[in-house]
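Number of protein chains: 2
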Amino acid sequence: MSDKTKKRVVIAGMGFGGLRAANVLAGSNLELLMVDRNNYHLFQPLLYQVATAGLEEEAIAYPLRGLTRNWKNASFLLAEISGIDLSGKILQTDAGNISYDYLIIAAGSRTNFFGMESVEANAFDLKRLDQAEDLRNHILMMFERASRETNRLLRKALLTFVIVGGGPTGVEFAGALRELIVYVLSKDHPGISADETRIILIEAGDSLLNAMPVELREYACGKLRSMGVDVMLDSQVVGATVESVELKDGKNISTYTLLWAAGVAAAKIAGNIHDVVRGAGGRLLVQPDLTINGHPEIFVVGDMACCLVDGMPLPMMAPVATQQGGYAARAILARESGMGLPPFHYVDKGVMATIGRSSAVAAAAGFRIRGYFAWLAWLLLHLYYLIGFRNRLVVMMNWTYSYWFQERQVRLITAKKRRAVSI
Amino acid sequence: MSDKTKKRVVIAGMGFGGLRAANVLAGSNLELLMVDRNNYHLFQPLLYQVATAGLEEEAIAYPLRGLTRNWKNASFLLAEISGIDLSGKILQTDAGNISYDYLIIAAGSRTNFFGMESVEANAFDLKRLDQAEDLRNHILMMFERASRETNRLLRKALLTFVIVGGGPTGVEFAGALRELIVYVLSKDHPGISADETRIILIEAGDSLLNAMPVELREYACGKLRSMGVDVMLDSQVVGATVESVELKDGKNISTYTLLWAAGVAAAKIAGNIHDVVRGAGGRLLVQPDLTINGHPEIFVVGDMACCLVDGMPLPMMAPVATQQGGYAARAILARESGMGLPPFHYVDKGVMATIGRSSAVAAAAGFRIRGYFAWLAWLLLHLYYLIGFRNRLVVMMNWTYSYWFQERQVRLITAKKRRAVSI
Chain Y
1 MSDKTKKRVV IAGMGFGGLR AANVLAGSNL ELLMVDRNNY HLFQPLLYQV ATAGLEEEAI
61 AYPLRGLTRN WKNASFLLAE ISGIDLSGKI LQTDAGNISY DYLIIAAGSR TNFFGMESVE
121 ANAFDLKRLD QAEDLRNHIL MMFERASRET NRLLRKALLT FVIVGGGPTG VEFAGALREL
181 IVYVLSKDHP GISADETRII LIEAGDSLLN AMPVELREYA CGKLRSMGVD VMLDSQVVGA
241 TVESVELKDG KNISTYTLLW AAGVAAAKIA GNIHDVVRGA GGRLLVQPDL TINGHPEIFV
301 VGDMACCLVD GMPLPMMAPV ATQQGGYAAR AILARESGMG LPPFHYVDKG VMATIGRSSA
361 VAAAAGFRIR GYFAWLAWLL LHLYYLIGFR NRLVVMMNWT YSYWFQERQV RLITAKKRRA
421 VSI
Chain L
1001 MSDKTKKRVV IAGMGFGGLR AANVLAGSNL ELLMVDRNNY HLFQPLLYQV ATAGLEEEAI
1061 AYPLRGLTRN WKNASFLLAE ISGIDLSGKI LQTDAGNISY DYLIIAAGSR TNFFGMESVE
1121 ANAFDLKRLD QAEDLRNHIL MMFERASRET NRLLRKALLT FVIVGGGPTG VEFAGALREL
1181 IVYVLSKDHP GISADETRII LIEAGDSLLN AMPVELREYA CGKLRSMGVD VMLDSQVVGA
1241 TVESVELKDG KNISTYTLLW AAGVAAAKIA GNIHDVVRGA GGRLLVQPDL TINGHPEIFV
1301 VGDMACCLVD GMPLPMMAPV ATQQGGYAAR AILARESGMG LPPFHYVDKG VMATIGRSSA
1361 VAAAAGFRIR GYFAWLAWLL LHLYYLIGFR NRLVVMMNWT YSYWFQERQV RLITAKKRRA
1421 VSI
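These protein sequences, in sequence, are chains Y and L. In terms of my numbering, the first sequence is residues 1 to 423. In terms of my numbering, the second sequence is residues 1001 to 1423.
Worth flagging that the hints you see were computed from the coordinates, not collected in a lab. Computed from a predicted structure; not experimentally measured. C-beta atoms are modelled at their ideal positions from N, C-alpha and C, and glycine is treated no differently. The reader is advised that the hints may include incorrect statements.
Just so you have them, the derived chain L footprint on chain Y, three or more residues with Cβ under 8 Å [as the list claims (entries may be wrong)]:
#	segment
1	7-13
2	46-58
3	66-79
4	298-309
5	364-370
6	400-412
All chains should be modelled from the sequences, with the hints used to inform the complete structure.
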């Protein structure tokens, strides 16, 4: 498999950044090795729909070997990355050591609990496919459990859902959960009315979606509130138990469901790469060409990279990762043909978030849209960026089905409770 | 929820038998309570396609509350059944005791390892949805593991798959696995050729599919062999370890994958129902009207029932369960209106099994067909019996996709290895 005459590019992590880099390097005269701990690329922006029974897991994952089949210069290794030997140019994994000529680090991010151990121990988070399935199982189980509970207070706690973080994940999840309850679960459980359930969205700042223009923030907040979501701004969570969430002002909320969507940090591997300056969240500081200081052969892209523009790091989101992945790959190709590239320049194509049925907000290129057309744009763009013809079909079918029938058929409690709550 | 003026029918288990009974009782003037440990009905005949990456889990499961929504007299309880108090007319579950006027026991079957503990500890079996996902993850992992293994013997063991039991499950799984390897996995892994993999189907008797006419048995066996499956007849497995299978004649096969499909027994709950005569596999002996002796209010249907016809028990298969479930429900309705029903009579509609692409066998009403048309009939009948419009669409789409593109996109290694093999 290894061709000594060819230089080897290793991509560590096959999220949005790694995938774009691989796409650019496919068919080149470099040997390409893609490494990931999963055998699929995950379309994270739709993870919240898996957690709210709108999509099956498989619809948002694409098998990576489906790509290497068609790329003669590419191969794939399923492995967990443990470290990097910078001077020896070796990537260390649980499947052995891999030497590289160029390395693109694109290992993404993990949830940041800011050191609050009680929250980390008791909260759900939404980064991985199995976490989305766990959360879906748990939400459905809370309704099953509540439907036969006679203790009024316990029942109320079972039907209270707390989401922390007013960014896109928190907002989209809160809206989708409210719709799951109103359109589906309250009909499934004749004894439970949507009014006795409670969804609380907690945000430390004074507005939701703070990357958006003010009018869209206010629209999103008003829309969520009109749907029945309890939005608490300027509030902070400081602790949690299995059955409660503690706020900074001393209040306690009885709940068995806490979703933490209030922070991300660089993937753990960033901590094992020594002698590199770090930014907030442990992200690796990169040069204007996305390499790390003193190592022109190592590029860092996506959530792991702290790429300063006018002194501010670029946000941790898919479009940044995609553009950086593409840049790193082109920079390698350019260097191999003896040329150079101008520094990385991020093209801000805008931000968007969906709130619910026929309702979203989008800000791009000076335009600000909200409501039905923003929602339609959101649907089409997500279908477009989703990978694989079959996945697009399945997702489109599920969306059409949900829209017409107000049904979500993926409301299955699948695995035996991997995360058991004994109540 | 409970209406004292109405008599209550409890259905314990919502497989094929329970589901048909519920369908018949829906809309009647009896109170209907459906109990299952899962919140979905599972279409077991397609479980092997989930295990071979052909279908997503969600496509063969239908949420039971999707039914009770439309049936005013019906409700659902998610609970594990632990026992029955025959004299008190109480069903005991982990969600509390439930009184009944009529009880339909339809809890199905479990895998029968015939007391071989080493096999039970090391074999996969295919009864539940999570087992199918585990097996899929495991098969895909064996290929990932083998693709970077240099030890020739270990690599051979990783690529050897042993299936025990030449009934429909064993035959269908062996065929589907062979096609997964030939059409998909050997292309995904350029370093692994289909020829170096080995699928061994072991059957204790002298032919496969012994419920079929002889010529179809021979066709199925010949077809599997021509596809590259190693069919071993008159062979018996007597033990297993993580890395090997031991045969009665002393031979040892090095393998990390053993699927046990060689026997079923009544679900465990059958052992907790006292004073009832049992047949083979712990099945409860029923009267000609499917009730148990001395308890005209208790019906047993499907795999749990030992229903003798001319001294032989009816086979443990879906059509028997479905017809019995319907009969039990009609018998209850008849009794409530002061009438009686003639004894249960099984109408044998035939048997069928698919072997691979464009190849199946079917025997019905004196006809015996094989090859393409049997395969087409198999596809259409399975689509027809699958529950839910959305599921039919997803399954049809997956089948069409696989047939055209010879691809199986659901080849994902999803959950963290719940069943870890340390090699």
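Checked hints:
Here the segment 7-13 of chain Y counts 0 residues with a CB under 8 Å from a CB of chain L, which misses the bar of 3, and the coverage is violated. With 3 residues carrying a beta carbon less than 8 Å from a beta carbon of chain L, the segment 46-58 of chain Y meets the three-residue requirement, and the given coverage holds. With 6 residues carrying a beta carbon less than 8 Å from a beta carbon of chain L, the segment 66-79 of chain Y meets the three-residue requirement, and the given coverage holds. Coverage of the segment 298-309 of chain Y by chain L is violated in this model, with 0 residues showing a Cβ closer than 8 Å to a Cβ of that chain against a need of three.
Coverage of the segment 364-370 of chain Y by chain L is violated. Counting CB-CB distances below 8 Å, 0 residues qualify, and the rule asks for three or more. Figure legend: the segment 400-412 of chain Y, annotated as covered by chain L; annotation consistent (6 residues with Cβ-Cβ distances under 8 Å, at least 3 required).
Hints 1, 4 and 5 from the earlier list are contradicted by this structure; the remaining hints agree with it.
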